[in-house]
Structures are given as C-alpha cells and as structure tokens.
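Engineer: Letter by letter, the chains look like this.
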Amino acid sequence: MSLVSAKPRRDLALIADLVEPGSRVLDVGCGDGALLQLLAEQKNVDGRGVELSQRGVNECVAKGLSVIQGDADADLVDYPDDGFDYVILSQTLQATRQPQAVLRNMLRIGRRAIVSFPNFGHWRVRAQLAFLGRMPVTGNLSYSWHDTPNIHLCTIRDFVELVGALDAYIVRGAALDRNGAPIRVNAPWWVWNLMGEQAVFLLERSAAGP
Amino acid sequence: MSNSSQSLSPGPVVDAAPPVCRPDVLAAGKIATFPLDRPLLTDGGGSIAPLTIGYETFGALNADRSNAILLCHALTGDQYAAGVNPVTGKPGWWEAMVGPGKPFDTDRYFLICSNVIGGCMGSTGPASVNPSTGRPYGLDFPVVTIRDMVRAQAMLVDHLGIDTLFCVAGGSMGGMQVLQWAASYPDRVFAAMPIATAAKHSAQNIAFHEVGRQAVMADPDWRGGRYLEQGVRPEKGLAVARMSAHITYLSEAALQRKFGRKLQDRSAPTFSFDADFQVENYLRYQGLAFVERFDANSYLFVTRACDYFDLGADYGGSLARAFKDTKTRFCVVAFDSDWLYPTSDSRAIVHALNAGGASVSFVEIDSDKGHDAFLLHEPMFIATTRGFLESAAAARGLKEARA
Chain H
4 MSLVSAKPRR DLALIADLVE PGSRVLDVGC GDGALLQLLA EQKNVDGRGV
54 ELSQRGVNEC VAKGLSVIQG DADADLVDYP DDGFDYVILS QTLQATRQPQ
104 AVLRNMLRIG RRAIVSFPNF GHWRVRAQLA FLGRMPVTGN LSYSWHDTPN
154 IHLCTIRDFV ELVGALDAYI VRGAALDRNG APIRVNAPWW VWNLMGEQAV
204 FLLERSAAGP
Chain Z
2 MSNSSQSLSP GPVVDAAPPV CRPDVLAAGK IATFPLDRPL LTDGGGSIAP
52 LTIGYETFGA LNADRSNAIL LCHALTGDQY AAGVNPVTGK PGWWEAMVGP
102 GKPFDTDRYF LICSNVIGGC MGSTGPASVN PSTGRPYGLD FPVVTIRDMV
152 RAQAMLVDHL GIDTLFCVAG GSMGGMQVLQ WAASYPDRVF AAMPIATAAK
202 HSAQNIAFHE VGRQAVMADP DWRGGRYLEQ GVRPEKGLAV ARMSAHITYL
252 SEAALQRKFG RKLQDRSAPT FSFDADFQVE NYLRYQGLAF VERFDANSYL
302 FVTRACDYFD LGADYGGSLA RAFKDTKTRF CVVAFDSDWL YPTSDSRAIV
352 HALNAGGASV SFVEIDSDKG HDAFLLHEPM FIATTRGFLE SAAAARGLKE
402 ARA
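For the record, the sequence lines run as chains H and Z.
Using the numbering used here, you'd call the opening residue of the first sequence number 4 and step up by one each time.
Using the numbering used here, you'd call the opening residue of the second sequence number 2 and step up by one each time.
Heads up, none of these hints are tricks.
Computed cross-link-like contacts, DSS-like style, restricted to lysine-lysine with a CA-CA straight-line distance of at most 30 Å:
# : chain 1 : residue 1 : chain 2 : residue 2
1 : Z       : K400      : H       : K46
2 : H       : K66       : Z       : K328
3 : Z       : K31       : Z       : K103
4 : H       : K66       : Z       : K103
5 : Z       : K328      : H       : K46
6 : H       : K46       : Z       : K325
Quick caveat, the hints were computed from the structure, so don't treat them as lab data.
Bound-form chain Z, shown alone:
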C-alpha cells in the first residue's frame, strides 16, 4: 500500500509539495471515457457521468483474447503496476511481481491495471469536475463501494473487447476487488488471487480509516472538502492520516529491526518535539511523500469504500453463497505478520470457498514485513504465484512465454 516502504529507510524531510494528481502527466497515459448517456450507477444511488478511467496495460493481448489479467491496486495505488510511475518517477507498485520473466509475465500475459473510481490518477473522483456545477465534485462525489469500482473495471474490460479475464489479482483493497469480481462476474474470471485481504472490513480496520479521515477533515485547509477551489490543500491532515495508516502496513518486528530506538542524525535527545527518533523521521517522510501524490478527498472516498465492504452481507449473510457453483480457481494468500488483514480473514474466505466446493488453494507466507509484504520481494510468495498462474495457464491452454 505504500510504494516507498520498500527500503524502510528514513529519508530527508521534504518541505514544499508540488501539485497533486498531475493532469499533464496523466493525460499522457491511457484514458477510457464513457459519455453522459452511459452513467455508472452506484450502490449508494448515485450516478457518475461522464466517467473516465485511467489505466495502463503491459504485454500484448493474444489472438483469441484469452491471456488478459486484471491487476487491482490497493488503497492508494494506481494503474502503474510496472514500469516507471510518471507522477512519482519511481518503479511501479508491483515491480516485484510484474515484468518479463516475473510471475505476472509481461512476455506471456496482457496485464491491465486501472485507477479505481474515486481515485486521483486519471479516473473520475472527487477532484474531477462535476458536470452539473462546473466545479470539482468534492464531497458531492457519490460515496462509491468496492462493487462500484469493479463495475467500472468491467466497463473498461468490455471497452477493451475482452470477455473472460484469465486472472484477476490484487492485494489489500485490490484483493477485495478480486473477491467482488469473482462474485459479480464468475463466468468472466478464470482464476482469482485475493492477497492479504478480507471479505469484510473489521472494526479495527474501520477504526484506523476513521482516524485518517478525521485527521484530514480536522485540517483547516480541508475547507469542508472545497480546498481545490480555494487554492489550498489539507497537507498536514493527509500526512498524519498516512503516518498512522503506514504503521498498520508494517509489523512491530520490522519497525523494531529497522529503527529500534535509533536517533536521527544526532547523538542525544534534544528535549524537544523534533524528530529525534529515526522512526519519527521515517513516518514524517512517508506522510510528506504521500501528500505529493494523493488527493485528500480521494483518501476519504477510497477508505470509505473499504469500510463498506462486506461481501457476505450482499449475499444474505453467507459468504459461501457469494461463490456458489463458481468455476473460478482461487489462490488465497496471507502473510503471517499481517495484523491489518490477518490470516484468519483469509481463512474465512477459504472456508466459504470450500463450503461451495470451489477449487481453492491457500498459503500463509512466513514474513515479518507485515501487510506490505505483498508488495515486496518475498520469494515464497513469488514462487506460489508463479506456480498457480502456470498451472492455471496450462488449464486455460495458454502458450508458453515468447522466446
């Protein structure tokens, strides 16, 4: 969930942030636009039109259009799963997994990754212009759900002329989308990989999100969500939201190993509220780096979408019913040090799939890197993913990678 956590190294504290959600940069990427007469009707009774979806593709679609994989990004991710992210200049968020010869092999598969609706990287969200007012939506943007995000993705997949996806994969909020895809469009998903995720958001998860939202809304520069029109941004509030969330993506062991009680560029405490400790400096850096690339209102909307996610509730309280008679092959992955989406959440998914007789594999990966482990170079996770995809590809009759 944090692109920049991979080194866990404290970085310099950055002062001024350039404008967020660079429209000039994003315009150079792929955009699908759905006109006013094709609105996205949301679970909350709203309607989004026109709708734009920022997306990126990697690899080539084969002749019979059978090798497409949809990668679903996490809370604050984007469509740049691989390659260089043009906004941050950093590698894509899943570079450990996506590329030539990697499990999501761009020499073999056609990978699609789109920015979720409500986001701020080219897809319609609260920073987009509301056609009925001519101003940014702000809080007038409809509160969207994971299912709404998946509806938009399905529109994109249709737009790309793809009927059945070979695989839908993603971690965290991306994993929720995977589950929703499998439930909403079972015939369009040959294989599914929900990773480090849950079929419903726990009270603890909602609580952390609420802390983040309150931090944003408590910033005087939030201006009731109308900050864009007033030329300000609630950077401090959003940074605090990110700092608290970032802790939940790590594990105590990883924090202790990397930082312990080490001091930042000093030999003794300063008896002040400076960032004496390396861990403080690291979190401040994470917060400031985040506000450079993310829109505060988008943060409110995407966290809300997660909170509302309860797939079983949509099926009469039975998660098993969500996957009844599914032909999709599942590979569920959890990480043992992930306390945000603990293994028990994944086991609940596996339990429901088993109850319906689905083809499901489940692995709990040993890692001390916490929730973010799914973004990192974890050899056992990579091996599992590779094995699952290769066996699914054989069952699907996909050819080996191009030589």
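Chain H extracted, bound-state conformation:
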C-alpha cells in the first residue's frame, strides 16, 4: 500500500526506536523499503515487506530486501501465527478496507504491532471542518475528498478505543507534531488528540492472545 507513501515519512526514526535489535519484522506497506533498510542497518533486524505497488516492490528487491507484492487487507491472512516479533503498519491503516481485521491479523502474526497514522482529531483538521465547512486537506492529509485513498480516517481517541476491542494493550504511544517530533508533554489523551498531527503506537497482544 504505497498510496500514502509518496511524501516523506517523518515517523520512521521513531518507529525504529520501538523495535528491539535482532528481531524479526514484517513491514506492511513498506513503500520503497526505507524503514526496512533503516531497521536492517541500525537494528540488525531480519525484515520482510509487503507492498502494493510494482515500482515499490522493484525498488525494494533492488535494495536486497525481501518484499512481496500484496496488500494488508488481502494478504496478511496467509501469514502463519507468530512468524514475526513485530508487524509494522506505517501510515497505511487509514487506507485499508478493514482496519480492525488488519490489526487483528497483525497481532496474530506478531506478538507486537507498531501502527502509525495521521490523526484526524488534530485541531487544524477540526478547524477546517468546523469553520470552513470543508473536508480537511493538510500536510499529512493532502488529498481532496474525492480522490483520497484514505477511506478509514480516525482520531487518536478512536484508535485507542479500537485497541480496547482487540485483546491488546498499548505499550507505548506518541503523538507527533507537524515536523514529526514527539510531543513531549505529560498530558491526557484529549490533549494529544488535539495537538498530534500523527500518532505512533506500540501494541502488544494480551497474555491470552487474540
């Protein structure tokens, strides 16, 4: 799913920080393989990728990455349980047809899942809808309503609620500002939900498993 990966991903370094060195990682919607490459170089990770675009897959293969052409909705079901330590979905959740099923599959395939997404609860998004009466178009959400691949946008609060329905818990979460830097304030969720342009969450399967 490279639909939303055309712009530079500001959250890659933060995601890499969440991954234990030497682990097995599946990057779903890996684009041109920038994150997998970063993880291989910095964390000695054994990485695999799934990417929808032929061009993205070719770029990955040319870099020596093991990447399969496919998408999160259709192809995660084929992966065996516990094949990976981490399954990463970076800026892609909002473009999946069934976000909940995708998250369940991620937590089945890997014990931990890392998810980043644009926050539809950010004040600028809210303001555009509230004061201009128009569907929001921002740096993170740069598409017009009629041609956007982002069919399942959510807020940080929405996401946290969904995790509660998944037999998983949040190990860490971070809201990022417009420059991709974490908002380092000790604040309640509603502040993050207002101030964060994007969010990154590290989820872990509850002990009982999904």
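Given the coordinates of chain H, work out where chain Z should sit on it, guided by the hints.
Structural biologist: Frame of chain H, contents of chain Z only:
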C-alpha cells in the same frame, strides 16, 4: 516457451522439414556422458544408462567456483539460452536476459544451461538408442519427472566441479525445476528465481498437454512411437499439438492486438479452409517451425513430466514442508496476463515460503503478453531480476562485473 513468438508476426508457411535433432550439430556442443555403472534412477522405477547431457556454458567460472548460475529451460527449450542456436540459427531463448551487461551477466557469472533428460537436444531421451535393444527407446524410455530432470542436472553440476550454485533460475517448466532444486538440494542453491510457474500442474494445464499428446498419437505416422525406425515422423500431429499449446502461451489481448480479424494476403474470405486469417497462418507457421526442431516422443515425455509435478505432494501434502528451514533467497515472479500459470500459482509458492520464514520476494509484472512474457523484453521484469541478482551477489561476496 516458443522461441519464435517474439515478433508475433505471421511468417511464410514452410513445406518440407529437415531432419529433427541434428546429431551432427549437437555433437559440436558440450556433452557430459555418464557410463553404464552410473545410472540415473528415476522416480518411476526406471534406470537410464548410459546417460548423456547436452549442455552449454556462458561466461567464466571464478576461482572459488562461487559464481555459477543454472538456467533451467522450459518445455521445448534447450541449452542454447544465449548466443546463436546452432540448430535453428536463431538467437538463444533467453537473449533478453542473458549476455554481457544483461541481468544474467556473462561478464560476471558462469551460466550453465542443460537440455532436460527426455529432450531431444543432446540429452538422453526417447530418440536415443536403448542399449538393451539397439533401437531408439521410443515409448520404452522411462517416464521421467521434474525431479529426475533435476537429478540429472545435479550430476552435471557435480561433473563440472561446482558445489553450490549461486542461483538457479527458469520460467514455466524451468521454474518447476528451480523449485525442485530448492527443495531437493537446499544447501546447494544460494538464490532461486522461479518464474511464471507453479508448484503443481493444474487440471487445465494437464488438459492442454493431453490434447497435445493425443494429437501426436493420432497421427498415423506416429506408429506407436516407433516412427524413427520406419523413416517417418508424425509432423502433422506434433504441429497441431504445438498450435494448441502456443495459444496458451499468449494472451487474448496480445492475439487481438496483433491479428484481430485481419486476413492473410487477401482482401476477402475465400470460403474455404485455407488460412484466411492471419492468426491461422501464424499458428500454422508456429506448428511447422516447431516440428523442424523437436521430436514428437520427446514432446510426450516432457509434457508428462510437467503433469506429474506436485512438489507439495512429495512432502506429505505440505508445500511449506518442501522449503522448511531453507536458507535460499527466493524471488518469485508472475505476469498478470499469464493464464497458463496464473499469479495465484505463484502466490501459493510465496505463501508456502512465507510459512517457513524463507527470504522471499514476489513481483507480479504488468504485461499483456501472457505466459511467454518471461522470454520477452519486459523492462520491469529485467529490472527486478537485475536487482535481485545484484543484491544476492553482494550477499554472496561476488565481485562486480569485469571492466
């Protein structure tokens, strides 16, 4: 699978065919011979000895023998992957991919390509002399499998003094051999490229092969497979087999684009059964060109080998088990207009490799050229292959191409 499909242009209809499988020409090529005391024991319980393997090499083997690539040809291919085929006088079947500066770079790698057993280009097959009768084997040749073909290739690789192959690559039936290599000799295959192929032959594939075989056997000149001794050849039957098979190597879109309903050298239908349509003329030409270079009994044996291929069945019904704990890097390639070995077949291979945690890449190439796309100049396919091989070469510690 069809060397001559690259232009898709209707050619002249040829009348008489020269003798097939030119022994004089093939004798000039490379032949490995394994004597009577080193028989190839086949899956079907047969034994082939003496065994000859016709092969060709391209490029140079490096000092530590680490740059060898085995190219596996498709159903009716041969060892002449590159250069000029001495039998047909045409370029090698994978000239788009093999040569200096091409993905299978002859300046960098040592490429080996051998004719499959059961074939008719220098390797032992049904046209070879059966030592126990002094006559051509005919149908007495053992029915061989893809695994038997790979066993013979392994004998050749041993013979060449190569322990581990840097890569095994091939499309269609060649891709089946790649999969079999990875399953049978996982420690001898550093990288594998199964292209436009399947881990098992589908009912549709078996059905098309059966049509071809029945066409051969229905020709009165087939003579129960003993045609060589009687100085005839079932050319009509073999040509029909090729015509029907050739359709399966193309796509409807490619046929429509090239031929549509265009007429051949005439402005109106003749109200006869002449080749009024260009597509008819094209297929007739393909059939006749094929019988010039291929042995009818070999066609029966190589199609049968494909039909029997079901790699998962050899591993208790689990394809994943065939690749358990493999260290081989895989790059699986499918073409979206290939309806003979559709993308779903490749995905099944990828699924099994994933289940075993193998290092696997998978690309579906956009092309409207059907199954034969793997033989043609497809830029994205070439780019993928180049990238995969270069990254594998770096992991293997192979030097850059000679300057």
